[in-house]
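Colleague: Chain by chain, the residues:
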Amino acid sequence: MGEIPILKIGDCLLVSIQVDMHDRMAMALQDDLTERIVATKARGVMIDISALEIVDSFIGRMLNSIAAMSRVLDAVTVIVGMRPAVAITLVELGLELSGVQTALNVDRGLTMIRRIIDADEQADAGRGR
Amino acid sequence: MDNTTVIFSLIGEHKSSLLNEWLACQRRESSAGALGEDSADQARRFLEELPRGAEQGPVDDIAIADWRGMRELVEEVSAQRVAAGFGPSQTANLVFSLREPLLQLLSRELGDDMARLTRETFRASRLLDRIGLYTFECYQKTREEVIGRQQQELLELSTPVVELWKGVLALPLIGTLDSARTQIVMENLLERIVSSEAEIAIIDITGVPTVDTLVAQHLIKTVSAARLMGADCIISGIRPQIAQTIVHLGLELNVISKATMADAFALALRRLGRSVVQRSKPDGQGA
Numbered sequence: 164m165g166e167i168p169i170l171k172i173g174d175c176l177l178v179s180i181q182v183d184m185h186d187r188m189a190m191a192l193q194d195d196l197t198e199r200i201v202a203t204k205a206r207g208v209m210i211d212i213s214a215l216e217i218v219d220s221f222i223g224r225m226l227n228s229i230a231a232m233s234r235v236l237d238a239v240t241v242i243v244g245m246r247p248a249v250a251i252t253l254v255e256l257g258l259e260l261s262g263v264q265t266a267l268n269v270d271r272g273l274t275m276i277r278r279i280i281d282a283d284e285q286a287d288a289g290r291g292r
Numbered sequence: 009m010d011n012t013t014v015i016f017s018l019i020g021e022h023k024s025s026l027l028n029e030w031l032a033c034q035r036r037e038s039s040a041g042a043l044g045e046d047s048a049d050q051a052r053r054f055l056e057e058l059p060r061g062a063e064q065g066p067v068d069d070i071a072i073a074d075w076r077g078m079r080e081l082v083e084e085v086s087a088q089r090v091a092a093g094f095g096p097s098q099t100a101n102l103v104f105s106l107r108e109p110l111l112q113l114l115s116r117e118l119g120d121d122m123a124r125l126t127r128e129t130f131r132a133s134r135l136l137d138r139i140g141l142y143t144f145e146c147y148q149k150t151r152e153e154v155i156g157r158q159q160q161e162l163l164e165l166s167t168p169v170v171e172l173w174k175g176v177l178a179l180p181l182i183g184t185l186d187s188a189r190t191q192i193v194m195e196n197l198l199e200r201i202v203s204s205e206a207e208i209a210i211i212d213i214t215g216v217p218t219v220d221t222l223v224a225q226h227l228i229k230t231v232s233a234a235r236l237m238g239a240d241c242i243i244s245g246i247r248p249q250i251a252q253t254i255v256h257l258g259l260e261l262n263v264i265s266k267a268t269m270a271d272a273f274a275l276a277l278r279r280l281g282r283s284v285v286q287r288s289k290p291d292g293q294g295a
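Chains A and B, in that order, are what the protein sequence lines are. 282 is the number that my numbering gives to position 119 of the first sequence; each next residue is one higher, with no gaps. 194 is the number that my numbering gives to position 186 of the second sequence; each next residue is one higher, with no gaps.
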């Protein structure tokens, strides 16, 4: 099984998880993604998990840590397309991913990232004055 | 043991008079007019089944397979009485009311032989008790099935998800939230969030009588799951007493809450960048 592709859209990175993740693949994704964020100076990361049907606590934690890592690298993370069954499972596992933004689909996720980045820039501009 | 069959041969001989007396007894014991047409028919079939079963099996064990005809009859009658809304005692009385005419028949026929009369009376009551109890069991079983089905229907009925506006869902909760209901509520809500691409879900708890720690936990779970799907939740319809309870219990809902559904809806529209405005002055006020 190959690695998960990371696509660049403007200043956002799109990670689309199309296969069921096993743990090593998840670790590889963390490595790849952090490197790509630094290399491309991305401001936003969108993780599309609409094809993900099975989650366990490890994947849940992985999603949380990817968000935390991106935040350290000054990029916002939005998780999009979570399935109802996956959402219920994560809640029952006690993983509410409180540090992560969520959106219903890729479209909404892009809008959300754009809004957050714009708000950030405005705040920075205000501070600089 | 030739004596065993005496009751049944007597029943066979005096079937029609016994039937009439039994029906009269039933009519007397049940409240006026409660007996329908099929009651007579059922009684007739009952008297036919009674000797037939006894030919084959032990007299006082209805559970034996040879009594199948009788068991089926009793099950059918019980189910029918449940559907017709009869009470438990009314249903059991159907069988117990046979005791009086049957014992009268026995004493008429065996009046001179005290020892035999006692034995037969004992047997007859034992038999009727067994059948009566079985009737009652069937009645209860049918009732439980009805209750179970109603519970299931209630679960499905009581959790509608309503689309208030494009992108705004409302979930009016009625009744106490237990784990089973929360599960269904959550699934319904999440499915609708996907299918209608909703951004905001309003959970209205006006119809939830009490909010304790468990209910609050279930609410929080639902809100968290919706958030993971990318939809924001607003809780509305918190009554003053419930607000007090929540604070006294030290619960942290960590959710935007509004007093009424109208407030919540207004907030939802504002978030979507929409507003409700009055187009023109209503009639009668223009000047």
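There may be inaccurate statements among the hints.
Just some of the chain B residues that point at chain A, by a computed CB distance under 10 angstroms [unchecked claim]:
1) Gly95
2) Glu195
3) Leu198
4) Ile201
5) Ala239
6) Ile254
7) Val263
8) Lys266
9) Met269
Derived by calculation from the structure, the hints in this document are not laboratory data. Just so we're clear, the structure is a prediction, and the values are computed from it rather than from any experiment. Backbone N, C-alpha and C fix where the C-beta goes; we use that ideal spot for every residue, glycine too.
Colleague: State for each hint whether it applies.
Modeller: Status of each hint after checking the structure:
1. Taken as an interface hint, B:Gly95 does not check out: its beta carbon lies about 43 angstroms from the nearest beta carbon of chain A, beyond 10 angstroms.
2. The closest approach between the C-beta of B:Glu195 and any C-beta of chain A is roughly 6 angstroms, which is under the 10 angstroms cut-off, so the hint is satisfied.
3. Among the interface hints, the one on B:Leu198 holds; its C-beta lies about 3 angstroms from the nearest C-beta in chain A, closer than the 10 angstroms criterion.
4. Annotation: interface hint on B:Ile201 holds; nearest CB of chain A at approximately 7 angstroms, less than 10 angstroms.
5. A hinted interface residue such as B:Ala239 counts as satisfied when its beta carbon comes closer than 10 angstroms to some beta carbon of chain A; here the least separation is about 7 angstroms, so the hint holds.
6. Hint status for B:Ile254: violated, given a least beta-carbon distance of 20 angstroms to chain A, over 10 angstroms.
7. Look at B:Val263: its Cβ only gets to about 12 angstroms from chain A, farther than 10 angstroms, so that hint breaks.
8. Interface hint status for B:Lys266: violated, as the beta-carbon distance to the closest one in chain A is roughly 22 angstroms, over 10 angstroms.
9. With 10 angstroms as the threshold, the beta carbon of B:Met269 stays out of range of chain A, its nearest partner Cβ sitting at about 23 angstroms, so the hint is violated.
Going down the numbered hints, you'll see the structure goes against 1, 6, 7, 8 and 9, while the others check out.
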